[in-house]
Every structure is written in C-alpha cells, then in structure tokens.
Amino acid sequence: MRVFNVSIARDAYVLAIARARKGVSEKRLRRRTPVRYKHVREDIHMLTESVGLELDLAESFLERGHFEGRDLILIDRVPLGMHLDSGEGMVWFPTLRGIVAWKPERSWAAVDHGAIPFLMNGADCMGAGIHLADPSLEAGDMVWVRDQEHGKPLAVGQALVSGEEMVTMTKGKAIKTLHWVGDDLWGLDA
Numbered sequence: 001m002r003v004f005n006v007s008i009a010r011d012a013y014v015l016a017i018a019r020a021r022k023g024v025s026e027k028r029l030r031r032r033t034p035v036r037y038k039h040v041r042e043d044i045h046m047l048t049e050s051v052g053l054e055l056d057l058a059e060s061f062l063e064r065g066h067f068e069g070r071d072l073i074l075i076d077r078v079p080l081g082m083h084l085d086s087g088e089g090m091v092w093f094p095t096l097r098g099i100v101a102w103k104p105e106r107s108w109a110a111v112d113h114g115a116i117p118f119l120m121n122g123a124d125c126m127g128a129g130i131h132l133a134d135p136s137l138e139a140g141d142m143v144w145v146r147d148q149e150h151g152k153p154l155a156v157g158q159a160l161v162s163g164e165e166m167v168t169m170t171k172g173k174a175i176k177t178l179h180w181v182g183d184d185l186w187g188l189d190a
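What the sequence shown shows, in full-length UniProt numbering, is residues 1 to 190, in sequence order.
Derived from the structure by calculation, the hints contain no laboratory data. Every value quoted in this text rests on a predicted model; they were computed, and no experiment measured them. Note that CB positions come from ideal geometry on N, CA and C, so glycine has one too. Warning: the hint list may mix true and false statements.
Stated by the list, open to error - Listed next, with one range per pair, are the computed distances between beta-carbon atoms:
| # | residue 1 | residue 2 | range |
| --- | --- | --- | --- |
| 1 | Gly140 | Leu55 | 20 to 26 angstroms |
| 2 | Tyr37 | Gln148 | 32 to 38 angstroms |
| 3 | Asp112 | Phe61 | 36 to 42 angstroms |
| 4 | Ser136 | Tyr37 | 15 to 21 angstroms |
| 5 | Ser60 | Met120 | 16 to 22 angstroms |
| 6 | Glu59 | Lys103 | 19 to 25 angstroms |
To be verified - Below, simulated SDA-like cross-link-like pairs (lysine to any residue); rule was C-alpha separation at most 25 angstroms, straight line:
| # | residue 1 | residue 2 |
| --- | --- | --- |
| 7 | Lys171 | Asp76 |
| 8 | Lys171 | Leu188 |
| 9 | Lys103 | Pro117 |
| 10 | Lys152 | Gly127 |
| 11 | Lys173 | Val91 |
| 12 | Lys173 | Asp189 |
| 13 | Lys27 | Gly52 |
| 14 | Lys27 | Leu55 |
| 15 | Lys27 | His66 |
| 16 | Lys171 | Leu160 |
| 17 | Lys176 | Phe61 |
| 18 | Lys27 | Thr168 |
| 19 | Lys27 | Glu54 |
| 20 | Lys152 | Thr168 |
| 21 | Lys27 | Glu59 |
| 22 | Lys176 | Asp76 |
| 23 | Lys27 | Arg97 |
| 24 | Lys176 | Arg97 |
| 25 | Lys27 | Lys103 |
| 26 | Lys171 | Met120 |
| 27 | Lys152 | Asp76 |
| 28 | Lys176 | Glu165 |
| 29 | Lys27 | Glu49 |
| 30 | Lys38 | Pro117 |
| 31 | Lys38 | Lys27 |
| 32 | Lys103 | Lys171 |
| 33 | Lys176 | Trp102 |
| 34 | Lys173 | Val78 |
| 35 | Lys173 | Gln148 |
| 36 | Lys27 | Asp85 |
| 37 | Lys152 | Leu188 |
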C-alpha cells in the first residue's frame, strides 16, 4: 500500500502557485569557489582598468561564480565584477554593486529623469535621453549609465555609438543594456 503525504503535496502546490504568481525564481549563483589573488590578478587588473581605477584587493576574500551565463568575481562575498562579451572579445566590467562601491569616473553616460523608468525595466538606452557622456567612449565599449541629477548608477551596457555622438543624438539606440537595477543579478543575494 502506498502512503501519500498530503501536507507535502499541498506545500509543493502552494510553492508552485507562488512561483507562478510572484515571480519567485530558482536562479542562484553556481560554481562558487574561493580563489587566491594570484589566480585572478589578470582578471582584476582588466576589471579595474576598464573604469580607470587602481584597487588593492590582495587582502580581500575573492571568489569566482557563475550566474545566468556570466562569470562573476565576488569580493568579500559581493558580486562586483562580471565577464561580458564586447563583440571584440570577453572583457571584465564592474557590476552595478561594483560601481556603487568603487565610484569610477570613466566609461559613463548620464541620462535625464525621463529615461530612468525605462532603464529600470531593462530597456536599451536611447540617445535622446543621454545628456552627458564620457568623451573617451567608443562604439563597442562597456559603459555604465547614471542619473544626471544624483550620479547614481542605473545600468551597465555596451555603447553602440561613441560618447560624443551619444550626446548629440535625437533618436535611436545608443546603449544596449546588459545589467540594470532590479534585474536578477542586482537582486542576487550572495
């Protein structure tokens, strides 16, 4: 005779309904492994060089992980760097949490308040919303998008045009959004 536990079935049913309605995700950080600084020295150099920073992370607790097809570098258990395809090869670039922590002064574009709701939903950044940009940006470079008024980071993406051209655009896409405030990587509780 087979015994069926009703409470387990009910709990599984309730969990399935909650996932369907509230968007509860099974996404999590995978292949998380501690690494020594000497094993990721080159990657960290590429990461900090991409936004013009010099950081000493030799004494930090470093880990590598994988999340939704992206390799991550976790520093003191926080995902601060991600490996992205720039079209010309793979590059390391800070996550939004890395940008908040390090406050870089390079590779940015500033948008007006009208673009913020669209960026928060993961939309690509249109040229008409960009009022300021780092003039050293070239098409294909990784760029972080910030609020013009407060300077807070909103998204990370790939520039489709140069920094000077972004500022003068009146229509069309200027930045392909790859990571934004509110996406699964932002909500990752490492």
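Cross-check of the supplied hints:
For the hinted restraint 20 to 26 angstroms between Gly140 and Leu55, the CB-CB distance of approximately 25 angstroms keeps it satisfied. Checking the proposed 32 to 38 angstroms range against Tyr37 and Gln148 shows it holds: the Cβ atoms sit about 37 angstroms from each other. Hint check: Asp112 to Phe61, Cβ distance near 39 angstroms, so the stated range 36 to 42 angstroms holds. Range check, Ser136 to Tyr37: Cβ separation about 29 angstroms, and the 15 to 21 angstroms hint is violated.
Judged by the Cβ atoms, the range 16 to 22 angstroms given for Ser60 and Met120 is violated: they are separated by roughly 30 angstroms. Range check, Glu59 to Lys103: Cβ separation about 20 angstroms, and the 19 to 25 angstroms hint holds. Restraint check for Lys171 and Asp76: the C-alpha separation of about 41 angstroms exceeds 25 angstroms, so the hint is violated. Using a Cα cut-off of 25 angstroms, the hinted pair Lys171 and Leu188 is violated, with the two alpha carbons roughly 34 angstroms apart.
At most 25 angstroms may separate the alpha-carbon atoms for a hinted pair to count; Lys103 and Pro117 meet this at roughly 22 angstroms. Taking the CA atoms of Lys152 and Gly127, the gap is about 19 angstroms. The hint holds against a cut of 25 angstroms. Restraint check for Lys173 and Val91: the C-alpha separation of about 22 angstroms stays at or below 25 angstroms, so the hint holds. Simply put, Lys173 and Asp189 have alpha-carbon atoms about 31 angstroms apart, too far for the 25 angstroms limit, and the pair is violated.
At most 25 angstroms may separate the alpha-carbon atoms for a hinted pair to count; Lys27 and Gly52 exceed this at roughly 32 angstroms. Using a Cα cut-off of 25 angstroms, the hinted pair Lys27 and Leu55 is violated, with the two alpha carbons roughly 30 angstroms apart. For the hint linking Lys27 to His66, the alpha-carbon distance of about 11 angstroms falls within 25 angstroms, and the restraint holds. A hinted pair counts as satisfied when its Cα atoms are at most 25 angstroms apart, and Lys171 with Leu160 qualifies at roughly 13 angstroms.
As the CA atoms of Lys176 and Phe61 are separated by approximately 32 angstroms, the hinted pair breaks the 25 angstroms bound. As the CA atoms of Lys27 and Thr168 are separated by approximately 39 angstroms, the hinted pair breaks the 25 angstroms bound. Proximity of Lys27 to Glu54 is assessed by CA-CA distance (about 32 angstroms); at most 25 angstroms being required, the pair is judged violated. Between the alpha carbons of Lys152 and Thr168 the distance comes to roughly 22 angstroms, so the proposed pair stays at or under 25 angstroms and holds.
With a C-alpha separation of about 30 angstroms, the suggested pair Lys27 and Glu59 falls outside the 25 angstroms cut-off, and the hint is violated. At roughly 29 angstroms between alpha-carbon atoms, Lys176 and Asp76 are farther apart than 25 angstroms, so this suggested pair is violated. With a C-alpha separation of about 18 angstroms, the suggested pair Lys27 and Arg97 falls inside the 25 angstroms cut-off, and the hint holds. Pair hint Lys176 plus Arg97 holds up; C-alpha atoms about 19 angstroms apart against a cutoff of 25 angstroms.
For the hint linking Lys27 to Lys103, the alpha-carbon distance of about 28 angstroms lies beyond 25 angstroms, and the restraint is violated. Between the alpha carbons of Lys171 and Met120 the distance comes to roughly 20 angstroms, so the proposed pair stays at or under 25 angstroms and holds. The hinted pair formed by Lys152 and Asp76 meets the criterion: a straight-line CA distance of about 22 angstroms does not exceed 25 angstroms. The hinted pair formed by Lys176 and Glu165 meets the criterion: a straight-line CA distance of about 15 angstroms does not exceed 25 angstroms.
For the hint pairing Lys27 with Glu49, the CA-to-CA distance comes to about 30 angstroms; that exceeds 25 angstroms, so the pair is violated. Between the alpha carbons of Lys38 and Pro117 the distance comes to roughly 41 angstroms, so the proposed pair goes past 25 angstroms and is violated. For a cut-off of 25 angstroms, the pair hint linking Lys38 to Lys27 is broken: about 30 angstroms separates their Cα positions. Between the alpha carbons of Lys103 and Lys171 the distance comes to roughly 29 angstroms, so the proposed pair goes past 25 angstroms and is violated.
Of the pairs offered as hints, the one joining Lys176 and Trp102 holds, with about 23 angstroms between alpha carbons and a cut-off of 25 angstroms not exceeded. Annotation: proposed proximity of Lys173 to Val78 is violated, straight-line Cα distance about 31 angstroms (limit 25 angstroms). Under the criterion of a C-alpha separation no larger than 25 angstroms, the hint pairing Lys173 with Gln148 is consistent with the structure, at around 18 angstroms. This hinted pair checks out: Lys27 and Asp85 have alpha carbons roughly 21 angstroms apart, not beyond 25 angstroms.
Of the pairs offered as hints, the one joining Lys152 and Leu188 holds, with about 19 angstroms between alpha carbons and a cut-off of 25 angstroms not exceeded.
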